[in-house]
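Chains as they are written, first to last, in the numbering used here: chain A, 1 to 280; chain B, 1001 to 1284; chain C, 2001 to 2425.
Calculated from the structure, these hints are not laboratory results.
Be aware that one or more of the hints could be misleading.
[Said to hold, decoys possible] Within a straight-line C-alpha distance of at most 25 Å, the following computed DMTMM-like cross-link-like pairs (lysine to aspartate or glutamate) qualify:
(1) Lys224(A) - Asp2234(C)
(2) Lys2263(C) - Asp2227(C)
(3) Lys39(A) - Glu2042(C)
(4) Lys137(A) - Glu2318(C)
(5) Lys137(A) - Asp2084(C)
(6) Lys223(A) - Asp2234(C)
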Amino acid sequence: MIQKTKRNYTILTVVFTFLCIVWVYPIVTILLNSLKDTKSITTRDVFNLPNSKTFAGISNYVESITGMNFLRSFFFSLLISLTSVALILLCCSMAAWYVVRVNSLIAKIFYYLCIFSMVVPFQMVMFTLATTADRIKLNTPYNICVIYLGFGAGLAVFMFTGFVKSIPLEIEEAAMIDGCSPIQTYFKVLVPILKPTIISTAILETMWVWNDYLLPTLVLDIKKYRTIPMAIQYFRGSYGTVNMGAMMASIMIDIIPIIIMYLVCQKYIIEGVIAGAVKG
Amino acid sequence: MVGKTIKKYWPIFLLPTAAAFCIGFLWPFVWGIYLSFCQFTTVSKVTFVGFSNYAKIMLDNTFSHAFWLTVLFAILSSVIINVMAFLIALALTKKIKGTNVFRTIFFMPNLIGGIVLGYIWQTLLNGILMSLGQPLLALSATNGFWGMIILLSWQQIGYMMIIYIAGLNNVPGDLIEAAQVDGANSWQTLFRIKIPMIMPSVTICTFLTLTNGFKMFDQNLSLTGGDPQKASQLLALNIYDTFYARSGPQWKGIGQAKAVVFFLIVVVIALAQLRLTTSKEVQQ
Amino acid sequence: MKKAISVLVSAAMAVSMLAGTAATVSADEAAGKVYYLNFKPEADEAWQKLAAAYTEETGVPVSVVTAASGEYETTLMSEMGKSDAPTLFQVNGPVGLANWKDYCYDLTGSDIVGNLTSDAFALKDGDMIAGVAYVIESYGIIVNKALLEKAGYKLEDITGFDALKSIADDIQARKDELGVEGAFSCAGMDASSDWRFKTHLANLPIYYEYKADGIDNTDAIKGDFLDNYKAVFDLYITDSTCEGAELSAKTADDSRAEFADSKAVFYQNGSWEYSSLSETFSDDDLAMIPIYFGVDDENQGLCTGTENYWCVNNGASEEDIKATLDFINWCVTSETGTTAMANDMGFVIPFTTAQESPNLFVKQDAEYTAAGKTPVSWNFTTMPSEEWKNGVGSALTAYAAGTGEWDEVVSAFVDGWASEAALAG
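Can you make the complete structure from the sequences, with help from the hints?
In structure tokens:
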């Protein structure tokens, strides 16, 4: 019996090793193609390994970084993700605390509207949101975080309220009796307790903002700003000209930081997903 | 006491989020509903036309096609993803070697954005189709449809797997031991104990995959772009296409009306889901 | 300390939200500014340079944004909704104008209209001049003369469709001996590139039908010349460098690369290709011949016309409108502007102040006309919609790949025209 289970486990390990190779294969293919020169990246030759004739070294990367203003896009993506997520975490955790502890009609209405907003598909508001953002000039990477706070508030408020409800009121009361103002109580008491939820929310929101395509495309002032997903979509531009080499390189430049971040904080990401799922 | 004290601090605690929420969601939403009854190209020239936009949705057969395709896509993709994710989770909760590595790899595609995913798979699938002598993605709606299923599975199996693993780890070990002592074989423990115990995870995953399938846009845009002839267009892309790509003063209103219908469909799914979840919870 | 920080944080939040709303009304409004939404990606770089030169000369800020291929309408639609909308955009002719005429500034009496070589290049809506053509282009079949001679033929041998077909068939049969991969470079049908066939080639059956019926527009095309369309397209895809099934993923770029590498003898495209092809070939090696259609080959010239009309956004502020008018007039009259348009962009512009273009294909167009041939006019400006073109393009792609029938092309062409025309009306 034990022998048999052991053999089964070995078979499973082999099967899974194979599956994992299949799983990373698409990324490896893109990586290999990004090292070929542009002319050799055709549908017929996708699976050919780069050889001495087609190997282009890092020239595609150089081209994508220098020629396409990709570093600027990278900076904007980073800036938008950081500011938006920071703003969402701070404001929504505060709002969630308020909503849970203050039993007013407005708080209730706000809470239910937040839940409601999670269901609404983006297409419903895309045009009006873009117009609103444009009218009040929230169309630069420096302040688009307000839009992200508004549209992303639903999920964050929902996750934080779920957690705040489970915090015993006594802790906060004790802090306030000790003379803390609500703001002090929030930073000294709430934030440390909320830390796990803050991390999970941060991860979910970062994944969303970093990869978002349609919202920045419609909202940002395209005369000046492009995020990475927008830049990659623009490779399809130019009549008949798709610079496949630079496109493959750009895809890799987009993926690599994500993978590194993932490998570094894998534990938190997975916990974040579980927490998000249990709440959501 | 806490409530009373912080109530006065609403300008700090509540106002920023509430104000942004109004700008980023509430006002655009209300305005969007209003505009679905209007004809407009830009907001400076808006004429009220009543329900005629809604009437015209039905005349545009791309909508019903996109609708049924989306339904099929959402159901099929969520079945495939959930079954695969569950099986993988089941295997990975056994003590086989390299569980952590496997888990890490399966989850990875999740972090990649939809546009990028679409281009990765377009390159790959077209290469495969070419060597099989099959029509490429842009030519065959069937291939495009399966391409999207493969793409979404690759992306989401890892995510759902994580949720199932968490669920399975929460099944109390003594319950399973007790069953084994009572002589239950592994199939019986699976169907009688494990699956009923992780029903909450199942509902969550079903809900997530269904809504993800329904709302999918980026992957659709970059993988097939709706080719050939809008035949692989899902609802979200169909709405975007009606709204921005079709020229003519009538189309924006129709696109907005389609968006309202789309929103209502998603609400119905969410409500059905909510009912299902609460009724299950009562049983437990 | 903590309290101070928290106050600061909340203050910062409030400020950032307010700053977002207030801080952007900046200076320089008075002088006006130009925002040009450019349609031609191949000319993007040249436009950026020209815009910078103008700003340097006059101090008026000019931003040029180029839409991704096939997304001009999408981008224009979303940009026009913004408060900082394009002041200068373009339509492709009467059909495009129908959608945007409410947003076009009446150009009557403006300097740029006064400089047009002919009234025919003004796009009118009733009495109003809504747009001006800014470039005249020609397209046909570009020939690698060196390869053609290697195969034992001269340009003069190609007198019509039948001659073209027999020469192409012969080259295709001897492709290994000649060291080419096919007679025609691949007819790339990728969505970024299928305009060469769904728009440019499709112009010919429309042109001949209009000519036969003596009309210049219709709500119901009959498709009388679709057999000729099929014959030419069949020629492109059979005497080709690649198989029909591969075409859907091929771009015009691939096609040009094959031609530039001397892997193909013929390549259907237009005068705008000159600047990139002249990097590889000398003028002696290149020629452009008409797309012989088997109808009136003796008298057929190149396809010459325009689908590029500039329109000025009437919703822009008065200063911006004035700045935009000044800018476009500068582009077509000043030394810098006309040089850039003639040399960097390779445009022939229909203005009295234009410089002579070094573009070989343009010169050939003039030669054909001088020799008594009739240029084929650009009738795709009367195609009912982008939808129609996409429908024809998809059907062509499927036909080329063998997954669709020619009947589907005919149906997309004829029935699609009727239904799209009905929608527009």
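Worksheet item: Which of the numbered hints are not met once you compare them with the structure shown?
Response: 1, 2 and 6
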